[in-house]
Structures are given as structure tokens and as C-alpha cells.
Amino acid sequence: MNLSPLQIQPPYNPVINQHANHKIDVLHNLINDKYERILCEKCMSTFFTNVYQYNDGIVLLEKRALGLEYFCDAIDKLSLYLIPDHTRIGVLDENDKIINLPMGKELFSKTETEYRYIYLMEKLEHLDKKEAEIFNEDIINLDSLNEFECQKALKEVANQFSLTLQKEIKQLFHYYKQHQDYILWDLHGDNLMKRSDTGEVLVLDPFAIRV
1 MNLSPLQIQP PYNPVINQHA NHKIDVLHNL INDKYERILC EKCMSTFFTN
51 VYQYNDGIVL LEKRALGLEY FCDAIDKLSL YLIPDHTRIG VLDENDKIIN
101 LPMGKELFSK TETEYRYIYL MEKLEHLDKK EAEIFNEDII NLDSLNEFEC
151 QKALKEVANQ FSLTLQKEIK QLFHYYKQHQ DYILWDLHGD NLMKRSDTGE
201 VLVLDPFAIR V
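The opening residue of the sequence shown carries number 1 in my numbering; numbering runs sequentially from there.
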């Protein structure tokens, strides 16, 4: 079964890659309800994602939409640093059957199945209200701003967070513009999270599917 893991940019968590080597076992454990569900309203409403406790530092994501697959494609094509340590484990259908679906198979087709995409990801925290403000007010609206307003919003990201985050959001926005027949720009405050130990803000799920 060829379920290729997502390319991960450094720094990465080798523990995640180690567990990804046992992907079939992980999928069977998920099917058999071996993992405790983490009830997170933001994850459910924002990502259409079920989150399960894998271990103290890693969670299991069950994603029911293709948005994260487009993000995976963007990660594979762009030089991104501020992304979570994560890898795709595999794909399940609604009957818990493991599907041999190569990475990116459903992209750019304007079709979407009811498959559940399963990932391992480092455990992160949601942004607080103040941190999320600029993304909820300005960055989410980049596609409707003029060039001056767009540059102003991106400059504020650099001022409040980092030049790296500004650069990578700009790259992701360019990816969206290239593929806007298939995806929507959806980078708001709940689609970024941070590492609890460093406070580093990471992009998680910047695209939604155009229907």
C-alpha cells in the first residue's frame, strides 16, 4: 500500500515520522476506537476535523474535507518553515475501509469524495483573541483588498509576528491565486495555531474548497 507521507520542512519531529512507519496499525487503532477524542469546538467548526489524543505531544486528525490536501500540495511546492510537524497516515472511507489513494489524487478535479484523510500532527494551541485579531480582520480579506491595503496588512503581520510568517502567508496567497478556480482563501485566526513551548505561530489550514 503506497500512502506517501507529506514532505515535512525542518525543523521536524522525528517521533512523528517514527510513528508514521506504523501507519496501518494507527489506522486500525482509529477504526477500533483506541484513541480518545479531544472535543474542540474550534477544530470541528473551523477545520471540519475530529481530533484524537495520540500521545502527550502528538494528535491524530481525521479531516473530512480536501482543504488540508491542498495545503499539503502547497507545502510540497513552496519553501515553508512555519507549518506544523505532521504527516499523512492514510485515507478511510465511510465504512472504515482503508483506501489506497495517492497524495493529491483528488486535487484540481472539482470532485470531492466522502473520504476521511488521517494525519499525525504535533499538538498545538489556538491563538488568543488578541493574536487572532489581525487575521480575522485583515488577512482573511486579502483577496478583496487592493494592492496597497494588501501590503499594509502583510506588513502588520511582520510587525506583530515575524518576517518569515509574512513571507509564507504571501506565498500561500499566491498559491491560492494560481488555483482559485478550485479553492477559496480562508486564512483567519482560527486557522493558525502556536507551539506552547516557543509561542511560534504556525499556519494550519489556509484554504477551503470552492463549491
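These aren't lab readings, by the way, just hints derived from the structure by calculation.
The structure displayed is predicted, hence computed values, not measured ones.
Quick reminder that beta carbons are idealized off the backbone N, C-alpha and C, glycines included.
Hints are supplied without guarantee of correctness; some may be wrong.
To be verified - Pairs of lysine-lysine residues, derived as DSS-like cross-links and limited to a Cα-Cα distance of at most 27 Å, are as follows: (1) K105 x K170; (2) K23 x K155; (3) K170 x K152; (4) K130 x K97; (5) K77 x K170; (6) K77 x K155; (7) K194 x K23; (8) K129 x K23; (9) K34 x K97; (10) K167 x K123; (11) K170 x K130; (12) K42 x K194; (13) K129 x K170; (14) K42 x K130; (15) K129 x K42; (16) K123 x K42; (17) K130 x K105; (18) K77 x K105; (19) K170 x K34.
Said to hold, decoys possible - Distance windows between CB atoms, simulated: (20) Q53 x E133: 26 to 32 Å; (21) E114 x R37: 35 to 41 Å; (22) S109 x L78: 37 to 43 Å; (23) Q171 x H22: 20 to 26 Å.
Hints versus structure:
Distance restraint check for K105 and K170: the Cα-Cα separation of roughly 26 Å lies within the 27 Å cut-off, and the hinted pair is therefore satisfied. In summary, the hint linking K23 to K155 is not supported, as the alpha carbons are separated by about 41 Å, beyond the 27 Å threshold. For the hint linking K170 to K152, the alpha-carbon distance of about 12 Å falls within 27 Å, and the restraint holds. Of the supplied pair hints, the one linking K130 and K97 is violated, its CA atoms being roughly 42 Å apart against a limit of 27 Å.
Note on K77 and K170: the hinted pairing holds, with a Cα-Cα distance of about 14 Å set against a maximum of 27 Å. For the suggested pair K77 and K155, the alpha carbons sit about 24 Å apart, so the restraint of at most 27 Å is met. With a C-alpha separation of about 26 Å, the suggested pair K194 and K23 falls inside the 27 Å cut-off, and the hint holds. About 36 Å separates the Cα atoms of K129 and K23, which puts this hinted pair outside 27 Å; it is violated.
The hinted pair formed by K34 and K97 meets the criterion: a straight-line CA distance of about 16 Å does not exceed 27 Å. Among the hinted pairs, K167 with K123 is consistent with the structure: their alpha-carbon atoms are about 24 Å apart, no more than 27 Å. Straight-line distance between C-alpha atoms of K170 and K130 comes to about 21 Å, which keeps the hinted pair within the 27 Å bound. As the CA atoms of K42 and K194 are separated by approximately 14 Å, the hinted pair is consistent with the 27 Å bound.
This hinted pair checks out: K129 and K170 have alpha carbons roughly 23 Å apart, not beyond 27 Å. Distance hint between K42 and K130 is fulfilled; the C-alpha atoms sit about 16 Å from each other, no more than 27 Å. The straight-line distance between the Cα atoms of K129 and K42 is roughly 13 Å, inside the 27 Å bound, and the hint therefore holds. Taking the CA atoms of K123 and K42, the gap is near 14 Å; set against the 27 Å cutoff, the hint holds.
Annotation: proposed proximity of K130 to K105 is violated, straight-line Cα distance about 38 Å (limit 27 Å). Note on K77 and K105: the hinted pairing holds, with a Cα-Cα distance of about 16 Å set against a maximum of 27 Å. Under the criterion of a C-alpha separation no larger than 27 Å, the hint pairing K170 with K34 is inconsistent with the structure, at around 40 Å. A hinted range of 26 to 32 Å for the beta carbons of Q53 and E133 is consistent with their spacing of about 30 Å.
Under the hint 35 to 41 Å, the C-beta atoms of E114 and R37, about 20 Å apart, miss the expected range. At about 21 Å, the beta-carbon gap between S109 and L78 misses the expected band of 37 to 43 Å. For the hinted restraint 20 to 26 Å between Q171 and H22, the CB-CB distance of approximately 33 Å leaves it violated.
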